[in-house]
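**Student:** Single-letter residue listing:
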Amino acid sequence: MTTNAVTVPTVVDQPRATGAGPRHSGRAGWGMLAPFAVLYLLFLIGPTLYGLVMSFFDGSSVRSGLGPFAGVANYTEALTSADFWSSMWHTVLFTVLTAPPLVIVAMVLAILADRLRHGRWFFRLVFFAPYVVPVTCVTLVFGWLYTPQTGLYSSWLNDLGIPAPSWLADPNWAMVSIALMTVWWTVGFNFVLFLAGLQEIPRELYEASAVDGASPWAQLRKLTVPLLGRTTLLVTMLQLIASLKVFDQIYLSTHGGPNYATRPVIEYIYDMGFTDFRTGYAAAVSMLYFVLLLAVSAVWLLISRRRARRA
Amino acid sequence: MTAPQCTSRPSAAGHTTHGPARRSVLAALGLLGAGGATVGLSGCGSVLAGVAGTGPPHDSLTYWNLFTGGDGGHMVSMEQQYEHAHPNVDLNAVSLTWGNPYYTKLALAILGNRPPDVAISHLSRLPTLAEADLLEPLEPAVLARHGLTADKFTPAAWRKAHVNGKLYAIPLDTHPFVMYYNTEVFKKAGLLRSDGSLKPIEGTDGLIAAMTACQKVTGHYGGVVNINADPATCWRWFDTLYGQLGGQVLADSGTKVVLDDAKASRVLSFQQELTVRRKLMPSSIDGNGVIQTFGTGKAGILFDGEWQFPTYQAAKVPFSMAPVPNIMGGTYHCYADSHSFILPRDAHRDATRRDTCLGLVRGLLDASMIWAQGGHIPAWKPIQDSAAYHKLKPQSDYVAAANAAVYDPGGWYSGAGSDFENIMGFAVAAVEAGQMSPDAAIAQMHSKLSQYASKPAPVGGTAA
Numbered sequence: 050m051t052t053n054a055v056t057v058p059t060v061v062d063q064p065r066a067t068g069a070g071p072r073h074s075g076r077a078g079w080g081m082l083a084p085f086a087v088l089y090l091l092f093l094i095g096p097t098l099y100g101l102v103m104s105f106f107d108g109s110s111v112r113s114g115l116g117p118f119a120g121v122a123n124y125t126e127a128l129t130s131a132d133f134w135s136s137m138w139h140t141v142l143f144t145v146l147t148a149p150p151l152v153i154v155a156m157v158l159a160i161l162a163d164r165l166r167h168g169r170w171f172f173r174l175v176f177f178a179p180y181v182v183p184v185t186c187v188t189l190v191f192g193w194l195y196t197p198q199t200g201l202y203s204s205w206l207n208d209l210g211i212p213a214p215s216w217l218a219d220p221n222w223a224m225v226s227i228a229l230m231t232v233w234w235t236v237g238f239n240f241v242l243f244l245a246g247l248q249e250i251p252r253e254l255y256e257a258s259a260v261d262g263a264s265p266w267a268q269l270r271k272l273t274v275p276l277l278g279r280t281t282l283l284v285t286m287l288q289l290i291a292s293l294k295v296f297d298q299i300y301l302s303t304h305g306g307p308n309y310a311t312r313p314v315i316e317y318i319y320d321m322g323f324t325d326f327r328t329g330y331a332a333a334v335s336m337l338y339f340v341l342l343l344a345v346s347a348v349w350l351l352i353s354r355r356r357a358r359r360a
Numbered sequence: 409m410t411a412p413q414c415t416s417r418p419s420a421a422g423h424t425t426h427g428p429a430r431r432s433v434l435a436a437l438g439l440l441g442a443g444g445a446t447v448g449l450s451g452c453g454s455v456l457a458g459v460a461g462t463g464p465p466h467d468s469l470t471y472w473n474l475f476t477g478g479d480g481g482h483m484v485s486m487e488q489q490y491e492h493a494h495p496n497v498d499l500n501a502v503s504l505t506w507g508n509p510y511y512t513k514l515a516l517a518i519l520g521n522r523p524p525d526v527a528i529s530h531l532s533r534l535p536t537l538a539e540a541d542l543l544e545p546l547e548p549a550v551l552a553r554h555g556l557t558a559d560k561f562t563p564a565a566w567r568k569a570h571v572n573g574k575l576y577a578i579p580l581d582t583h584p585f586v587m588y589y590n591t592e593v594f595k596k597a598g599l600l601r602s603d604g605s606l607k608p609i610e611g612t613d614g615l616i617a618a619m620t621a622c623q624k625v626t627g628h629y630g631g632v633v634n635i636n637a638d639p640a641t642c643w644r645w646f647d648t649l650y651g652q653l654g655g656q657v658l659a660d661s662g663t664k665v666v667l668d669d670a671k672a673s674r675v676l677s678f679q680q681e682l683t684v685r686r687k688l689m690p691s692s693i694d695g696n697g698v699i700q701t702f703g704t705g706k707a708g709i710l711f712d713g714e715w716q717f718p719t720y721q722a723a724k725v726p727f728s729m730a731p732v733p734n735i736m737g738g739t740y741h742c743y744a745d746s747h748s749f750i751l752p753r754d755a756h757r758d759a760t761r762r763d764t765c766l767g768l769v770r771g772l773l774d775a776s777m778i779w780a781q782g783g784h785i786p787a788w789k790p791i792q793d794s795a796a797y798h799k800l801k802p803q804s805d806y807v808a809a810a811n812a813a814v815y816d817p818g819g820w821y822s823g824a825g826s827d828f829e830n831i832m833g834f835a836v837a838a839v840e841a842g843q844m845s846p847d848a849a850i851a852q853m854h855s856k857l858s859q860y861a862s863k864p865a866p867v868g869g870t871a872a
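Sequence lines, in order, name chains Z and C.
Residue numbering for the first sequence follows this note's numbering, starting at 50 and increasing by one per position.
Residue numbering for the second sequence follows this note's numbering, starting at 409 and increasing by one per position.
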């Protein structure tokens, strides 16, 4: 999740940069790009292609070499495996459960924090702070909060006379519990992006609309939210991709359980590739998952291009 | 996070998370190396040796283990004892995180021709490593020169150290699944004799009676065993009872599923009876909850591995330990595993070096009285039979469990930290939590296990 922070500025600025600069500066540009391009080729494109090759072989982590050629057997096995599809579904379910609240809550918090006159820094810090906490600590703390019967949440609900679910241990609640934990943990990142977006909205617009008699609610609806559009799109897409990449907090807090009810596709890949030594098969599943991420990213690209053209 | 993991999934890696991205970086580095085969950057020492193109110095030994926490501390003391007695050997001990990362690193280091000289392996993992041709078989004659003979080891562990009739490991310990009991609760519940010793608990009725008596004293639970997010413990608890019925899960190196539905159903129904129907044990509890429940006297009995001993010793709860009682009434069995020493396959190892390696093994075995303090039953008889060990209480009270050990069945997907344990454990947990009927759980075990049993093993052979 942390890697997203790096890509933000380049992506936002991309539409603006197109078509700028005369032709002859191209060579220098490539030269400047070379260090990055070489590393990108070596460490990203190269391994990805190697992974693609691996996915057509029956490789093993306890044998050297690629292993016997398997054709598309790994792919057909994955596509007909109930475990693969259920893990894919868990990843999608997690995304459905986390992406909307992480966008909406972050926007609400940012708008509220932006309206403050005093102590704004404090709220910014408070909302962003959880994002800094390492995943191991988050799962440890929430492990205590979610402890059945004696945990904080269970005792609160019990005091209110509401029967508490067993949170992480109940197949119907486990994913919801993890989603709640994730929202608390990562909302700060989106919050900061929205804050930055809010700062870009010229103050004069608010003054002008106030002169025209717009209520604060109308300002929010007709001014703030539409002008945040680009930020919202960016945050939504980053969030979708981040949510689709879920692994660590699930692996640490439920191990994919109870009874595989939360195992995301990355854990499935991990289980197949590391625990079961089947690197070829794991590579094939990785490729299928890569296609999903690629599709989501392509949608993002298309939408942001269309917006850039309109702007 | 080190290089050996890299070949497993570089493809998606670059697009997923930070960690794997680094792995793919290292994978690419590996590819750049000669023929892409030199991925194994084992310890620091061997990295330098690899870069310089020289072999390790003759009297330096690399020893990999998977001990951290209390065990890690004990192992360091044992290493120090060895180093003190062998000042001429430069021991380079590396502690790695246990589980998949350890076994992946070990396998890739061996494939990359940079193996450690001596390494630790669970005996339940041994068949896979041996069949993958990653280990050096140990010659009895060579071992005998170091005094390492069959009669000096726990028989069950020594047997399990063999694969296809050949010895591949030297057992360090047996770590069984045992019963912890709160001595104060047991005394009040009338479960102790006047001299403080444990009255025998026998059969399912005996356990129910004992737990009911404990529950009256504690006001909460009679007993406790971990359920949530801990498939391994669920499997151990199931296997202990199922083993007492003489049940087997896999046969023919894991190619056949021989799960006995009637026996498994008896065990699962009993486990569910304790949690859901009689509420003698919590039906939803996690690791923290277990420590809290038994550590604060809210349960009289705890079923767990003996390696939790230091935890409860620190919790200052009055407790003692015993083998899990014979609950199902067959031949006595309980789940156990063993740590053992292995010599990874290494073309550079000559007779002298082999002797140095075995000298280290012998030295650590001789120091295993330290190891016993952590709760493990030493496999080395000279320690196990010693007066000092007998005086060590409650550690020496469950030695019987070492000989009644049932290990995980053979199979490439079985053993400590394997998917086999996950498949079995997740189904058991669902039954104990009342989320699944025993029959449904058995059906799920069959369907998931048969997917593995029908696949060709990804270990063994030398694929191009």
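Everything labelled a hint here was simulated from the structure, so no lab data went into it.
Note that beta-carbon positions come from the ideal geometry of N, C-alpha and C, so glycine has one too.
A hint or two may mislead.
[To be verified] To give a feel for the contact side, a few chain C residues facing chain Z, derived at Cβ under 10 Å:
{"no.": "1", "residue": "LEU542"}
{"no.": "2", "residue": "HIS570"}
{"no.": "3", "residue": "ASN572"}
{"no.": "4", "residue": "GLY697"}
{"no.": "5", "residue": "ALA835"}
{"no.": "6", "residue": "ALA851"}
{"no.": "7", "residue": "HIS854"}
{"no.": "8", "residue": "SER858"}
[What the hints assert, rightly or not] Over the 12 Å line for every Cβ pair with chain C, so calculated as not near, a few chain Z residues:
{"no.": "9", "residue": "GLY80"}
{"no.": "10", "residue": "ALA83"}
{"no.": "11", "residue": "GLY120"}
{"no.": "12", "residue": "VAL145"}
{"no.": "13", "residue": "PRO149"}
{"no.": "14", "residue": "GLY168"}
{"no.": "15", "residue": "THR199"}
{"no.": "16", "residue": "ASP208"}
{"no.": "17", "residue": "ILE250"}
{"no.": "18", "residue": "ALA259"}
{"no.": "19", "residue": "THR273"}
{"no.": "20", "residue": "LEU301"}
{"no.": "21", "residue": "MET321"}
{"no.": "22", "residue": "ARG354"}
{"no.": "23", "residue": "ALA357"}
[Unchecked claim] Just a few of them, taken from the derived set where beta-carbon distance is under 10 Å, the chain C residues facing chain Z:
{"no.": "24", "residue": "LEU537"}
{"no.": "25", "residue": "ASN734"}
{"no.": "26", "residue": "GLY738"}
**Student:** Name the hints, by number, that the structure is in violation of.
**Tutor:** Violated: hints 2, 3, 6, 7, 8, 15, 20, 21, 25, 26.
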